[in-house]
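Novice: Sequence:
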Amino acid sequence: MIGSYHTSTSPTGAPGPSATPENPPAPAQPAPDGAPADDPAAASGPAPGPTAESTADPAGAAPQKDVTPEPVPQSGSGQVRVAQFTRAAPAEQQGRRVRVRVEVENEMPVDPDQVATQAATILQDKRSWPSKQKVRFDFVGGGTHDLVIRVLTPATTDKRCYPLRTNGRVSCSTGSAVNLNGHRWTGGIPDYAGDLTGYRTYLVNHEVGHYLGLGHVECPGRGQPAPVMMQQTYGLDGCARNPWP
0 MIGSYHTSTS PTGAPGPSAT PENPPAPAQP APDGAPADDP AAASGPAPGP TAESTADPAG
60 AAPQKDVTPE PVPQSGSGQV RVAQFTRAAP AEQQGRRVRV RVEVENEMPV DPDQVATQAA
120 TILQDKRSWP SKQKVRFDFV GGGTHDLVIR VLTPATTDKR CYPLRTNGRV SCSTGSAVNL
180 NGHRWTGGIP DYAGDLTGYR TYLVNHEVGH YLGLGHVECP GRGQPAPVMM QQTYGLDGCA
240 RNPWP
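Numbering (numbering that gives the first Met the number 0), first residue to last: 0 to 244.
It is worth saying that the hints were derived from the structure and are not from the lab.
Some hints here could point you the wrong way.
[Said to hold, decoys possible] Listed next, the in silico SDA-like pairs over lysine to any residue satisfying Cα-Cα at most 20 Å (straight line):
#1 Lys131 with Pro89
#2 Lys131 with Val216
#3 Lys125 with Asn241
#4 Lys131 with Gly214
#5 Lys131 with Pro244
#6 Lys125 with Pro226
#7 Lys133 with Met228
#8 Lys133 with Gln93
#9 Lys158 with Arg95
#10 Lys133 with Gly212
#11 Lys131 with His215
#12 Lys133 with Pro244
#13 Lys133 with Gln123
#14 Lys125 with Glu91
#15 Lys131 with Gly212
#16 Lys133 with Arg96
#17 Lys131 with Pro189
#18 Lys131 with Ala90
#19 Lys125 with Ser74
#20 Lys133 with Lys158
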């Protein structure tokens, strides 16, 4: 998945006072959101309320057929490559404009433009947040942005998500940044075995949902679709996996 990249010399930055993880460590008290985006020009979106979610990897998890063959390093430099991919939201999508930038830590064996293309495909899909809220997502490459989506090594994710304990395993939404743990992005979870694209869709929609101000919800009942703001990485609790709002 390695390709040619544009490299930013900006570090991912120091963590801010709060965080909303896609999955935190087991039953610690929730911590609020907030590591600021490293670009001072970035406009902040609504900060989510105090929520937290985490999971340990279940023993004996089945390997996923579409997992990247490249190993994910545990830590990196904090320096990022910036995706140059740009795409405006579909014309029929109306509402508040959110300009999205995508970054990948230098040591991650992931192409930033591939991540940006996938994130745009998710967030500009009619099943995503534009169908639920008056919002649209424009992917702006290295331009001025409101939201940054990052794929980071586990150690850098922990730094960006502090003081929430992500334990080198999980992701978080921090103010105007979504910090995706590289292990999750490349490997998914057992409940989405064989469907890494589906898990990435859930992960992006879930964390951007926090950016939009939404908190966690529970499984509504056995066999029903899991809400995207459910902590699906914990497990589905009898719900059917579902990556869309």
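Novice: Looking at the structure, which of the earlier hints fail to hold?
Specialist: 9, 17, 19 and 20
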